[in-house]
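> When you get a sec, could you build the whole thing from the sequences and use the hints?
Number of protein chains: 2
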Amino acid sequence: MERFLDEHRDLKAEVYGKLEQHRDLLLPTLEGISKEEHRELVRKILRLLVAEGYRPMHFYQHDLQKYYYLGELMALVDLSLTVKMGVQYSLWGGSIVNLGSERHKKQYLEDVDQFRLPGAFAMTELQHGSNVAALQTEAVLDIAADEWVITTPDDGAIKWWIGNAAEDGQMATVFARLKVPSPDGSGAIDDHGVHAFLVPLRDAAGNTASGVEIRDCGYKVGLQGVDNGSLKFTGVRIPRDNLLDRFGTVERGGQYRSPFSASRRFAATLGELTGGRVGLCCSSLAVLKGAVTVAVRYGATRQQFGPPGAPEVAVLDYSSQQAKLMPLLASAYALHAATRFLVGQYAEAKRTKEEDLVTDVHSLSAGLKAYITNFTANALNVCRECCGGHGYAAVNRFGAWRSDHDIFQTFEGDNTVLLQQVAGLLLKKYQERFSGTPMQATYAYLRQMALDSLPANPLASHETSPRHLRDPAFLSRALKYRVARLLHTVAARLRKHTKRLGAFGAWNKCLGHLLALARAHIESITYARMSAALDTCSDGDCRKALKAMADVFALGCIQGDVLWRNDDYIAAEKVKAIVKLQEDLCRELRGIAVPLVDSFAIPDHILRSPIGQSSYTRDPYAEYLRSIGWTPS
Amino acid sequence: MERFLDEHRDLKAEVYGKLEQHRDLLLPTLEGISKEEHRELVRKILRLLVAEGYRPMHFYQHDLQKYYYLGELMALVDLSLTVKMGVQYSLWGGSIVNLGSERHKKQYLEDVDQFRLPGAFAMTELQHGSNVAALQTEAVLDIAADEWVITTPDDGAIKWWIGNAAEDGQMATVFARLKVPSPDGSGAIDDHGVHAFLVPLRDAAGNTASGVEIRDCGYKVGLQGVDNGSLKFTGVRIPRDNLLDRFGTVERGGQYRSPFSASRRFAATLGELTGGRVGLCCSSLAVLKGAVTVAVRYGATRQQFGPPGAPEVAVLDYSSQQAKLMPLLASAYALHAATRFLVGQYAEAKRTKEEDLVTDVHSLSAGLKAYITNFTANALNVCRECCGGHGYAAVNRFGAWRSDHDIFQTFEGDNTVLLQQVAGLLLKKYQERFSGTPMQATYAYLRQMALDSLPANPLASHETSPRHLRDPAFLSRALKYRVARLLHTVAARLRKHTKRLGAFGAWNKCLGHLLALARAHIESITYARMSAALDTCSDGDCRKALKAMADVFALGCIQGDVLWRNDDYIAAEKVKAIVKLQEDLCRELRGIAVPLVDSFAIPDHILRSPIGQSSYTRDPYAEYLRSIGWTPS
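Line order of the protein sequences matches chains P and B. Going by the UniProt record's numbering, the first sequence opens with residue 1, and the numbers climb by one from there. Going by the UniProt record's numbering, the second sequence opens with residue 1, and the numbers climb by one from there.
Some hints here could point you the wrong way.
Put simply, identical chains are the same to the list, so a pair is met inside one copy or across any two.
No more than 27 Å apart at the CA atoms, straight line, and that leaves these computed lysine-lysine pairs for DSSO-like [unchecked claim]:
{"hint": "1", "residue 1": "Lys-105", "residue 2": "Lys-350"}
{"hint": "2", "residue 1": "Lys-496", "residue 2": "Lys-580"}
{"hint": "3", "residue 1": "Lys-499", "residue 2": "Lys-576"}
{"hint": "4", "residue 1": "Lys-576", "residue 2": "Lys-496"}
{"hint": "5", "residue 1": "Lys-350", "residue 2": "Lys-66"}
It is worth saying that the hints were derived from the structure and are not from the lab.
Here's what the structure looks like:
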């Protein structure tokens, strides 16, 4: 099973082994230290990795799988560390790689890689996050000086939440409206929309650059180890060459040239954010695995109540606890398969630059990021609650995980906005369904569904045997049917409402429907990837366990959906049978839950949760008692 | 509307006014200070209240409504403060009031009230939380010395999470197994089960009492301002009189006497925990109101995207945002009505000691505590996410609220356990339904439902007009029907499974069903209280708003329930009509959402959330910019 889960076991053993020699960097809890101390701790670990020869920027450019795996590994060390690395490499370095020219890469990337040139990705403003096109910061070309003049026109345009900006960042990729004097000589200024510019923030000694003002964004809900800052520019001058000009450039004298239309260029620029989202899927997944590991081990240990006169039973033997935790365990495996698939597809898209694949991966990364981060956020609440009072001790880590992870739902694309992108692409594909355009595998079933008539098979819709309900053909088809039906109906509703409300109004009216569609699509893909992954497993017991988890995931998606109320595809008694089967499968999984979380193979010194140690079976509370000072450590 | 919400407006103005003169005690955020500093801050505010003449212990004994209202007011100042006060007055003082004799009250309560005698409530042990009957700490009578000898038999019985124990507590009410030498002279020891004993912990100078060991429980997920400690007793001797002996006493020489059977006595002892739960409902509700206030004001301010060429729209104008926030707003009002009802009933039960009412209130407090705290915990996640990145700034308070409030779901009764108590009582009432015993109002409808035949009215089940769907008769009946149906079916399932699995096994198998039943019952009561409250409102606009919120609450309960899939009571097209109506009502509420949260009347200096200030309409980001240091404060 470990082999099923991990493709880079050597890297894991190596990196975690090195950290084991630096126990002083792995504090039991980060509560009680200041944000400055936390930031310094993060810097130390990052510098240690660099000193040990790891080159994240190099991985990012040449071995994406290794890059993301390293991020996943660091997530359980400290989410602040993963995010700091994400800022430095995916965002700051990534903006140079993806938006810059060769000269930019040559000049900066080696220093970025070694953390000698910490940098920031200054996109978000106080008043604009999701709506990037409406950013207000300006870069106006001074033709005579051949320089850009960067200005924050008002306080609403102060760059906000910029990671690496409060303390470390020496430069930033600043997103600003590119403005040049109109070539018609009228004196007017042409606005070419949002572009990226390299702007120095401070020198290596920490002196702020002229015209730049920086404020620390202060304490956040979590991630105190990341130095988020806000930035205000007053006539900051940078060379013309500092425009990251892969998608649009300005010649000496002010001539603007781009191979793309404005909207295409904007899409291409934002498209490069995909990489960051892939990373968020990996680290969110790591947290999910960590939390489920602790909750399952504790649940198998902790005893409370029992039949009269008999010993107490483990809390994991309660069906209510199983109903909460087993779907989380199953989903961790399923989402693992989906995430590994995404990483592979993303690497492939970067390699081939094949346009359909790029579009597909962009949408998948948006959808999976929204789905996983929301799933993990909810799972953390459930896991903490399942560990009762002891789950509330800071040393057991649920609090830090939740506080740090929370913003994963918002940054690098607000989840509600991202899911709308997924729905938007599905609708586009749906409209193209008869046009003869070839479709990527991910969407091919839409065609099939559109060609199939929607009405259900009355025989199958009433069939309730576990054999049928666990048949991959049924599960797969039901999940796809759900997407097709949601798509079909929302397309009709949008058409109808657009007449009266216009496109924006109709979209707004159907938002709930659109979000449900996007989630259903991600669930369908996740199940497909889990099925594909389990088909590659040769060991009988592992396969059986993976199959049970795939079923729990898929049945959970079907069971929880109110769609069937208005639909004959799955009749009422079939839903009832699914609920019962799900209970049975959760009870079955409970029996193997501990080995299944052990397979995540998170070493104790990384998990650092006294109630979730791998040694819990011998003496469940030993480590916890030590951590509170009742027994010597 | 403020009149509808607040019965103690004078107290609010007075207390919050006093705090306004002590701005140094109201920090913008408590991140970045140590737990010791936070505890000192909490002590200062508590001492200030006492110095200003507030007497919580006196309120607790003579004016319960005022007592709980004060707790609700303090919740938005700092949840650590509310919990510290809950420990000192509801738990420590409350244990003396409820479990002690007159001599105990005379000796201690005045000092407790003035916080001159901080104390603890030492029930939970490392290995036992919910299962109080299995506590292991022992109190053995030494007849010769006429003293109790308190001992922690092993590390699993260390008292854990004890509030006020780590730093302040001078005494504790310790729950321990009362053991006396058997009167038969055999030398055997009789175990009379768990009783409460007054045990000194440290003197006023802070020196720990002989035989007592104390460890700080360390950082928690939140509530750092409460000094939770763990306690180990080694042969600690206390006078025989220190047994809190209202329900069972031991005479000189060791004779045990109690007017109750062991199980009745245990129930009576635990029954006294009710008061703490009432307090948790009040403070959880306060947090819900605070969070909804911030999210609604910010949502009405924040603009993002919009129709092409038109100005951006407020995010609260998106239907997805309305679907998230309007039900929270409606529920805050409905749960307010239910909580005020609970406080009134509890006061009545304490006054009359009428047995049925006591039982009823015990169950209602358990159910409402579980329901509200779970609801608020989820609401905090939603509200933070609705406020996007700015919701993640510590100053805007969602993080602290969530971290502090989280444990409300676990302490003073784990929610999953409490809901089972509610379900248990419902089943008991159900079984008594033909026995002729008079029923409390809360349960009376069960009789009616049992007498009504369950099958639905085929005409009504298909009726979809908004007029019908918003008819209180329909809503009330549907919510009650749901309880009756869940009760009826779970009773049948329990009967069936008990044959094969025994009572414990059958209960375990039906847990999901039982929890759904308990929640449905609480929702039905909540709607009934909201309806009753709105009937007392004379102002037309207020009434209309309250009616809309009552409808959103009730329709939300009905809409989200999968029950109707297997039930003819509400047909598929009716569910669909409810979904549509709910969207319409949420859009309607959006129009008055701001005045509705303004009615919660939380002063800015108490809410302390820069993005949720009452002045937001004038300059939405002004206070936030100040808080980060961009403009002078």
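> Quick one: which hint numbers does this structure break? Sort them smallest to largest.
none
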